[in-house]
Amino acid sequence: MMELDVIDRQLIVLTQNGLPLTDQPYHQLAEQLAISADEVMQRFRSMQDQGVIRRIAAVPNHYKLGYGFNGMTVWDVEDAVVDQLGELVAALPFVSHCYQRPRHLPDWPYNLFAMIHAKTAADADTQILRVGEVLEGHVRSHQVLYSSRILKKTGLRIAS
Amino acid sequence: MLTALEKQLLNDYQQEFPLTERPFLQIAEALSTREEVVIKAYQQFADQQIISRIGPVITPNHLGASALVAMAVNEEDLETVADLVSSYPNVNHNYERENAVNLWFVLMAEDESRLLDLVAEIEQRSGYNAMRLPMLADFYINLGFQLEWNDAEFG
Chain L
26 MMELDVIDRQ
36 LIVLTQNGLP
46 LTDQPYHQLA
56 EQLAISADEV
66 MQRFRSMQDQ
76 GVIRRIAAVP
86 NHYKLGYGFN
96 GMTVWDVEDA
106 VVDQLGELVA
116 ALPFVSHCYQ
126 RPRHLPDWPY
136 NLFAMIHAKT
146 AADADTQILR
156 VGEVLEGHVR
166 SHQVLYSSRI
176 LKKTGLRIAS
Chain H
825 MLTALEKQLL
835 NDYQQEFPLT
845 ERPFLQIAEA
855 LSTREEVVIK
865 AYQQFADQQI
875 ISRIGPVITP
885 NHLGASALVA
895 MAVNEEDLET
905 VADLVSSYPN
915 VNHNYERENA
925 VNLWFVLMAE
935 DESRLLDLVA
945 EIEQRSGYNA
955 MRLPMLADFY
965 INLGFQLEWN
975 DAEFG
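So the sequences go chain by chain: L and H.
The opening residue of the first sequence carries number 26 in the numbering used here; numbering runs sequentially from there.
The opening residue of the second sequence carries number 825 in the numbering used here; numbering runs sequentially from there.
You may find that some hints are simply not true.
Okay, derived cross-link-like pairs now, SDA-like style, lysine to any residue, Cα gap no bigger than 20 Å in a straight line [claimed, not checked]: (1) L:K89 with H:E859; (2) L:K178 with H:K831; (3) L:K89 with H:Q873; (4) L:K177 with L:Q41; (5) L:K89 with H:N914; (6) H:K831 with L:A82; (7) L:K178 with H:N914; (8) H:K831 with L:Q41; (9) L:K178 with H:Q832; (10) L:K177 with L:M140; (11) L:K178 with H:R846; (12) H:K831 with H:I863; (13) L:K89 with H:Q832; (14) L:K89 with H:Y912; (15) H:K831 with H:S876; (16) L:K177 with L:D101; (17) L:K177 with H:L971; (18) L:K178 with L:V84.
Think of the hints as simulated: they come from the structure by calculation, not from any bench.
This one's a predicted model, so the numbers in the text were calculated from it and none came from an experiment.
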């Protein structure tokens with residue numbers, strides 16, 4: 026956890042809905058904050074180096090691109106191998122996120138989460154089998170949870 | 825139908841959008857087209873919500889505390905509890921999932937103690953228990969999710 030200075034924070038708040046789509050987006054931000062465009066770019070670089078922001082990127086909307094089957098797969102694997110297995114699962118091309126999370130026993134024994142994205146139910150089934158193969162011999166149980174409704178969705182945000 | 829150029833614009837800049845004076849010009853040069861064509865294409869993607877944005881992707885848990893929270897809510901109460909959860913500005917994703925544990929949301933707060941307070945408050949106001957599932961490890965590989973194209977679907 027870390028603190029951002031006021032200008033870094035303003036930069037994130039100004040761009041969390043997106044950079045201005047103009048020929049010089051960083052200049053436009055610089056004008057709004059009364060600093061130079063070089064400083065804007067330097068601050069973004071520095072926030073990336075510190076790990077505050079992961080990257081600057083075009084963020085696609087999976088649903089609009091035809092990916093209707095977005096499954097949260099959850100697995101109960103041995104803690105001793107979760108790191109090693111997590112890296113392998115994260116490297117699969119259809120996995121967008123892969124996390125270790127705490128179990129809530131007895132109801133919720135799953136400690137490894139991987140998000141998969143497919144255009145058809147059959148593709149999703151193939152992907153889940155593939156994750157199962159990668160985890161072979163270490164899985165005690167698993168489930169797949171599809172979203173039936175998006176009730177709210179914004180990017181990860183900070184308060185302005 | 826997406827053109828070859830549009831596919832490249834969507835696929836190739838999910839990991840690293842240029843941090844340069846004229847980022848769209850840099851992309852245009854890499855893809856042998858003109859800057860205004862690139863800007864217009866991204867503007868259309870944004871208008872059609874094909875991209876949610878071009879911008880910084882914040883690393884979870886670097887700015888304050890966050891956790892995935894899950895609740896098993898009876899069907900007849902789901903609408904009310906979902907609305908209650910969504911009403912918190914601290915909640916940025918809220919999904920209904922097909923499972924006994926059917927309400928899943930991401931909660932953010934300034935720090936861990938405020939996060940715990942919020943979970944307790946949501947439990948108290950909703951009358952349901954909430955499982956707090958913070959990220960313990962993020963197996964993040966910088967390859968990105970590879971989009972697949974099937975042009976028939978974009979007709």
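So, going through the hints one by one against the coordinates:
With a C-alpha separation of about 25 Å, the suggested pair K89 (chain L) and E859 (chain H) falls outside the 20 Å cut-off, and the hint is violated. A hinted pair counts as satisfied when its Cα atoms are at most 20 Å apart, and K178 (chain L) with K831 (chain H) does not qualify at roughly 24 Å. About 7 Å separates the Cα atoms of K89 (chain L) and Q873 (chain H), which keeps this hinted pair within 20 Å; it holds. With a CA separation close to 16 Å, the supplied pair K177 (chain L) and Q41 (chain L) stays within the 20 Å bound.
In summary, the hint linking K89 (chain L) to N914 (chain H) is not supported, as the alpha carbons are separated by about 25 Å, beyond the 20 Å threshold. In summary, the hint linking K831 (chain H) to A82 (chain L) is supported, as the alpha carbons are separated by about 15 Å, within the 20 Å threshold. Restraint check for K178 (chain L) and N914 (chain H): the C-alpha separation of about 12 Å stays at or below 20 Å, so the hint holds. Among the hinted pairs, K831 (chain H) with Q41 (chain L) is inconsistent with the structure: their alpha-carbon atoms are about 23 Å apart, more than 20 Å.
For the proposed pair K178 (chain L) and Q832 (chain H), the alpha carbon gap of about 26 Å is over 20 Å, so the pair is violated. Using a Cα cut-off of 20 Å, the hinted pair K177 (chain L) and M140 (chain L) holds, with the two alpha carbons roughly 18 Å apart. For a cut-off of 20 Å, the pair hint linking K178 (chain L) to R846 (chain H) is broken: about 31 Å separates their Cα positions. A threshold of 20 Å between alpha carbons decides the hint, and for K831 (chain H) with I863 (chain H) the separation of about 14 Å falls inside it, so the pair holds.
Annotation: proposed proximity of K89 (chain L) to Q832 (chain H) holds, straight-line Cα distance about 17 Å (limit 20 Å). This hinted pair does not check out: K89 (chain L) and Y912 (chain H) have alpha carbons roughly 26 Å apart, beyond 20 Å. Proximity of K831 (chain H) to S876 (chain H) is assessed by CA-CA distance (about 16 Å); at most 20 Å being required, the pair is judged to hold. With a C-alpha separation of about 28 Å, the suggested pair K177 (chain L) and D101 (chain L) falls outside the 20 Å cut-off, and the hint is violated.
Annotation: proposed proximity of K177 (chain L) to L971 (chain H) is violated, straight-line Cα distance about 24 Å (limit 20 Å). For the given pair, K178 (chain L) sits about 14 Å from V84 (chain L) by alpha-carbon distance, which is consistent with the 20 Å threshold.
Of the numbered hints listed earlier, those contradicted by the structure are 1, 2, 5, 8, 9, 11, 14, 16, 17.
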